[in-house]
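**Student:** Construct the complete structure from the given sequences, taking the supplied hints into account.
Chain by chain, the residues run as shown.
6 protein chains.
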Amino acid sequence: MTARDSVWMHELTWPEVEEYLGGDRVAIVPIGATEQHGPAGVLGVDALVAITLAEDAAQRSGVLVAPPIWFGDSAHHSAFPGTITLRTETLTALVADVCRSLARHGFDRIILINGHKGSNLPGLVTAVRGLHERELGGVMFAVADPLHLARSAAGEIKETNEHHCGELELSHVHYRFPGMVRMDKLTDAEVDFEDVFGGFVGNDLFGPAPDGVEIMWSGAEQRAFTPSGQFSSSLGVTEEKGRRYHDHIVGRLCELIDWMRGYDGPIGRKDRG
Amino acid sequence: MTARDSVWMHELTWPEVEEYLGGDRVAIVPIGATEQHGPAGVLGVDALVAITLAEDAAQRSGVLVAPPIWFGDSAHHSAFPGTITLRTETLTALVADVCRSLARHGFDRIILINGHKGSNLPGLVTAVRGLHERELGGVMFAVADPLHLARSAAGEIKETNEHHCGELELSHVHYRFPGMVRMDKLTDAEVDFEDVFGGFVGNDLFGPAPDGVEIMWSGAEQRAFTPSGQFSSSLGVTEEKGRRYHDHIVGRLCELIDWMRGYDGPIGRKDRG
Amino acid sequence: MTARDSVWMHELTWPEVEEYLGGDRVAIVPIGATEQHGPAGVLGVDALVAITLAEDAAQRSGVLVAPPIWFGDSAHHSAFPGTITLRTETLTALVADVCRSLARHGFDRIILINGHKGSNLPGLVTAVRGLHERELGGVMFAVADPLHLARSAAGEIKETNEHHCGELELSHVHYRFPGMVRMDKLTDAEVDFEDVFGGFVGNDLFGPAPDGVEIMWSGAEQRAFTPSGQFSSSLGVTEEKGRRYHDHIVGRLCELIDWMRGYDGPIGRKDRG
Amino acid sequence: MTARDSVWMHELTWPEVEEYLGGDRVAIVPIGATEQHGPAGVLGVDALVAITLAEDAAQRSGVLVAPPIWFGDSAHHSAFPGTITLRTETLTALVADVCRSLARHGFDRIILINGHKGSNLPGLVTAVRGLHERELGGVMFAVADPLHLARSAAGEIKETNEHHCGELELSHVHYRFPGMVRMDKLTDAEVDFEDVFGGFVGNDLFGPAPDGVEIMWSGAEQRAFTPSGQFSSSLGVTEEKGRRYHDHIVGRLCELIDWMRGYDGPIGRKDRG
Amino acid sequence: MTARDSVWMHELTWPEVEEYLGGDRVAIVPIGATEQHGPAGVLGVDALVAITLAEDAAQRSGVLVAPPIWFGDSAHHSAFPGTITLRTETLTALVADVCRSLARHGFDRIILINGHKGSNLPGLVTAVRGLHERELGGVMFAVADPLHLARSAAGEIKETNEHHCGELELSHVHYRFPGMVRMDKLTDAEVDFEDVFGGFVGNDLFGPAPDGVEIMWSGAEQRAFTPSGQFSSSLGVTEEKGRRYHDHIVGRLCELIDWMRGYDGPIGRKDRG
Amino acid sequence: MTARDSVWMHELTWPEVEEYLGGDRVAIVPIGATEQHGPAGVLGVDALVAITLAEDAAQRSGVLVAPPIWFGDSAHHSAFPGTITLRTETLTALVADVCRSLARHGFDRIILINGHKGSNLPGLVTAVRGLHERELGGVMFAVADPLHLARSAAGEIKETNEHHCGELELSHVHYRFPGMVRMDKLTDAEVDFEDVFGGFVGNDLFGPAPDGVEIMWSGAEQRAFTPSGQFSSSLGVTEEKGRRYHDHIVGRLCELIDWMRGYDGPIGRKDRG
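Residue numbers (the numbering used here), protein chains in the order written: chain V, 1 to 273; chain F, 1 to 273; chain G, 1 to 273; chain A, 1 to 273; chain U, 1 to 273; chain W, 1 to 273.
For chains that are exact copies, the list does not tell them apart, and a pair is met inside one copy or across any two.
DMTMM-like, lysine to aspartate or glutamate: derived pairs with alpha carbons at most 25 angstroms apart: (1) 270 <-> 195; (2) 270 <-> 135; (3) 270 <-> 194; (4) 270 <-> 19.
Just so you know, the hints here were simulated from the structure itself, not pulled from any lab data.
**Tutor:** Take a look at the structure:
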């Protein structure tokens with residue numbers, strides 16, 4: 001791979017990054033997790049999701065991507081072998097340091113792409129909200145999560161309830177990283193949401209939510225209520241679903257990049273920051 | 001007020017709390033904020049919301065409430081006089097210490113009621129998720145937010161978009177704390193969401209959300225894009241709307257308390273914690 | 001209650017606070033504790049003390065009060081149900097964040113009123129000493145404790161040794177918050193100071209002190225050496241003692257406010273801060 | 001010097017300390033400061049005070065002393081050259097680590113001797129109060145300060161008000177460390193307490209205190225209100241005063257050690273800790 | 001790629017990792033940096049070094065590798081665009097959390113492979129030294145650095161002094177990742193060590209060292225004394241040198257793995273940990 | 001001792017330090033440890049090493065020395081009575097605070113002298129590397145360790161392998177502090193490096209190192225593999241060896257001081273810092 005072919009900063013030299021900064025200021029930071037994804041999904045699913053979304057959006061839009069963060073906030077999966085979790089405080093510190101470094105070089109439109117639906121958000125938001133208020137007023141930050149970027153499309157693509165290790169998540173990885181979903185291990189195992197969470201937690205991340213609350217559960221408890229690690233059926237995994245899901249989110253990310261690039265609103269002004 | 005009239009721990013003696021713990025184990029912790037709520041709402045709106053929900057649910061269900069936390073994560077409002085904000089890390093530490101204290105006495109069903117829609121959630125979730133995984137496996141934690149508990153009802157009650165200082169929030173406080181909304185200062189001032197956030201952030205907290213992201217903004221930026229502090233119109237404030245909104249949420253909280261009390265599922269078991 | 005009747009920031013709108021700041025710069029922060037106060041005193045005694053002193057001094061002097069901090073450093077009471085304690089580090093962080101917020105708005109005379117005799121002082125002093133040296137040189141801070149403000153008067157009012165849950169403390173709360181002292185539970189239970197602390201710790205917080213040291217004790221140990229939680233007799237509680245004690249301290253606080261308002265000495269100058 | 005002549009752990013080998021622990025369990029930790037002491041006192045005055053009290057009490061009582069901590073909480077003196085200050089948090093962490101180490105070896109009666117009147121106490125108390133509650137319930141901790149140990153004697157010895165760099169403090173060091181007080185630089189310079197602190201702070205650390213509060217001042221402010229660094233006159237320094245002051249405190253420390261050695265009360269029991 | 005072809009945990013499912021743990025307990029954690037490597041080396045050089053050493057040693061020895069940490073302690077390079085640095089504290093927390101996660105699953109022989117010569121060591125050692133003493137006594141930790149593993153071989157392979165961006169480092173990456181060294185940008189630019197560091201810092205990381213000290217320099221200073229970022233000449237880069245260097249280190253790592261696997265000495269015993 | 005005889009800041013008054021700063025800006029900070037040094041060496045060996053090197057270099061060069069830090073990073077020795085260890089984080093914070101204080105007064109050439117070979121370096125480097133990058137760019141920092149300053153001379157002086165409690169270390173202390181090595185307890189006890197560390201850790205700190213790694217060991221493990229605490233033989237201790245070793249290092253330190261004093265290179269410039 002030559003320099004001009006790569007959107008990854010770690011595959012560029014510093015003069016190549018300097019040249020980019022002469023013309024553009026957007027940086028993407030992909031953040032995933034290394035955690036159990038049931039019998040079929042590899043531990044890196046969430047990181048792979050962030051990596052492929054970042055890479056493809058960056059290639060289409062011509063922006064740069066920082067090296068990936070492979071670890072996230074996965075304590076609730078930590079009773080399954082191979083799960084590696086950061087304390088929320090560590091994740092926050094890590095993301096803040098990466099953003100500080102980028103800002104020092106002049107990147108002032110920073111997009112965090114979270115591949116680990118929901119669970120990373122407290123750590124990520126804490127990091128960039130604090131940075132923006134107290135240190136980096138001149139940098140505009142966006143936190144992007146597939147769950148929120150695919151709202152309008154997920155319902156049309158998926159056939160069943162979608163939750164951890166579900167049909168959409170695994171279709172996505174299967175499409176982009178063939179072999180990273182063991183297609184012979186797909187299963188209809190799922191959590192009994194009523195039994196575990198009453199009616200207070202929804203069983204479809206893209207479906208209508210109940211009048212609900214957040215209930216905390218630990219790694220040990222998770223292994224007790226889903227011995228496979230699966231939260232919703234993965235039987236419906238297909239490459240085609242993955243393609244549609246991926247293309248929708250990448251398209252929306254490109255719109256976000258375009259909007260941030262040309263942004264002239266009240267946020268992230270150098271004169272105020 | 002005599003002991004038996006009060007659900008507030010700070011209005012009870014220690015033998016009275018000890019007696020309660022002989023029969024029940026549920027505690028509520030109300031967490032608000034002290035932050036600008038536009039020209040009409042007092043700075044304590046979010047704390048008052050948490051306090052009244054906690055108090056009324058506790059009275060109906062016969063459980064106890066810890067003294068209120070009046071401060072939350074309000075940096076984005078901090079350019080308006082009177083706003084008092086905690087760093088997210090401080091909020092997390094504070095909530096964790098309160099929960100540790102309750103757990104030491106045997107409270108093992110703890111419900112955080114958040115009166116500060118959304119913004120406190122990273123701090124609160126970080127606190128209790130970490131506690132439950134690493135220290136207090138035998139305690140069941142729920143984080144309750146009006147935004148999520150009123151999902152099914154808000155649409156029927158409100159007439160306009162609801163956001164910070166909006167119709168529902170102020171009706172709620174007006175109903176429960178007459179005088180705490182200056183009815184002569186209601187206004188239709190609102191944020192131009194398209195200008196500030198493109199199409200990436202929704203303008204109705206109870207409405208359908210766009211394929212969106214989270215955009216961070218600072219206190220100084222907020223004061224620039226909404227000089228009144230108002231995010232959506234408060235013209236529609238009425239006591240009746242407040243009553244319906246309040247009753248719906250309190251009702252749902254009581255269902256939550258009942259469910260947690262009788263919970264026999266895999267979470268918060270003493271033998272595993 | 002209307003805006004002009006209230007000294008509490010949380011009962012004011014931001015324009016009302018802004019108006020105040022046009023004329024005055026004093027803020028009071030009341031800090032208490034939620035901890036056992038024997039068979040007769042409610043858990044909130046220390047917070048109620050701070051609240052009532054803050055409120056009455058503010059009303060007389062025409063200054064504003066931040067919402068109360070209900071929690072303090074009470075680990076040594078934590079074996080009694082209902083006690084909620086912060087680690088000293090948490091209390092320090094919390095108070096520092098509140099003061100930073102006030103200072104941002106222009107409050108530059110900040111008085112902490114501590115209702116939790118002695119035990120909170122390390123945390124409070126650490127917070128504002130560090131802030132004043134390193135961040136907020138232009139703000140003048142005072143830490144006010146009833147123990148120190150009533151030195152000259154306590155001896156004339158009380159009839160017995162005064163310590164935790166003693167005659168003066170409970171008279172004070174009984175006078176200002178009728179019902180918050182269970183008058184039928186007053187007791188002459190007290191700690192055997194000689195047995196527990198040799199002659200190295202005094203048994204009267206307002207009396208002459210021995211050539212002594214500080215001895216640390218834990219919550220569990222406290223419950224062992226005072227099963228009731230009482231340190232000195234509460235039999236002498238009367239409304240009249242509470243009134244005299246309260247009025248003396250409020251009077252002295254008003255003198256403090258006047259002095260700080262007109263202060264022209266070397267501390268808290270804007271040009272140096 | 002041979003092993004048996006020394007009370008200092010750093011002058012003993014590990015088998016010699018092990019032998020001591022076979023018979024006794026008391027350890028002293030001397031904590032001072034390195035801060036300006038006016039034109040006559042060396043920067044190490046507070047550390048020298050702690051060192052000599054620890055050494056002499058240990059020799060008389062036959063116990064061991066940890067190496068000295070030369071630094072304390074001296075930010076308010078930090079505008080004078082040579083002052084070295086720790087943040088309170090650092091002092092707390094340092095003292096806690098030293099105590100943890102001692103406790104690991106079986107020292108279970110630990111006496112902190114503070115040579116830096118008052119200012120170190122928040123840090124020291126925070127350290128050992130937290131340790132005793134949360135980690136080292138089986139260790140008994142005392143925090144000893146000359147200010148409190150000389151209460152009954154100071155009035156008889158000193159001739160003037162005593163404050164920072166005053167007559168007693170410097171007499172003490174002059175007596176024990178000849179040359180460490182520049183006798184030709186004694187001065188009657190002093191702070192104008194009324195001007196700086198109103199009537200709210202006392203001008204004699206051993207005298208009757210006003211109905212007062214604590215006022216924070218910074219290093220820069222201190223240099224403004226006392227250009228010499230002196231708080232009260234040092235003209236009365238004599239070796240004889242130093243001797244009487246020293247002997248009184250050492251005597252009381254020995255009583256403390258005896259009492260702690262034979263203590264059979266409720267604190268620091270192994271079976272509870 | 002199928003499961004059995006991969007040594008990377010993120011390319012395995014949790015049951016596949018569980019199966020591995022039935023037979024072996026060794027895990028490798030590769031840690032690099034994202035920092036300038038002169039005009040020819042990409043920013044990811046140090047991470048690529050750690051990745052390829054980990055991967056090849058793992059493949060030969062049949063052990064597993066955690067996902068890579070792409071960021072290290074690179075503040076001294078931070079004035080060059082694209083450098084991303086963690087504070088030492090963040091790196092320490094990150095590595096500790098990764099190791100804690102691995103240990104929870106039963107990995108008890110953990111090898112950190114550092115691709116960022118020297119600079120990461122304080123953070124890495126702090127992390128695992130503390131973990132091993134205080135939390136994970138039953139886990140054996142090794143910190144492996146190419147600088148130390150190639151001591152005996154480097155002299156024979158290289159032709160010039162070796163320092164940051166030197167001949168050996170870039171040959172290594174050129175051999176394993178063709179294209180990641182811009183061969184048309186090699187340069188003989190180098191730091192004038194005598195001018196910058198006197199005779200107190202050596203100019204060859206594999207050469208004899210002077211009677212020296214460590215001198216700290218900042219990112220801004222580095223850019224001043226080496227405008228290209230180069231510390232020693234890279235003109236001698238060849239694939240063959242890279243191959244010899246790589247093979248030597250991988251060979252030694254495999255010996256380390258074998259030794260740790262069969263280790264029966266006093267470190268990392270379960271019965272003591 | 002009079003002021004002019006002392007290089008120790010704690011033996012000077014603030015005007016005396018101020019006078020020094022009018023002519024010179026160098027400060028030395030000696031950092032040791034309090035840890036077991038076998039049957040013959042006192043616990044303070046490492047601190048005594050730092051103290052004597054600092055004192056003698058300062059006297060010869062005419063610079064000042066801060067009071068000593070008696071504690072370091074000694075967890076691996078902590079199973080032997082009398083060892084007092086700081087967590088690395090505490091050591092880092094402590095050293096940073098001391099350096100901040102010195103820098104405030106205008107000391108801008110700061111030399112840390114480490115008496116605790118190797119083990120303190122992570123903490124010390126973390127402290128001053130971070131300070132120099134983020135806070136004190138105008139201060140030049142050197143970290144000096146006898147191990148590195150005696151490289152060229154040790155081989156000629158010593159007769160056996162040198163490691164913890166070895167011939168050189170104890171000769172050094174014996175020469176400078178007669179009595180602090182119990183000459184009747186010298187021993188040839190040593191660690192079996194092959195058994196404990198395979199061939200991956202060298203058995204002579206001044207000898208050629210293997211292609212090695214760092215292996216962590218705990219305090220408990222150390223006591224298991226060296227019941228005496230000795231790592232290499234101390235039988236060869238003589239005053240003469242100590243004298244040669246000491247004089248060599250002091251000489252080199254004086255060269256360092258001279259070089260730093262006259263330094264005109266790119267590091268620690270006021271205009272950039």
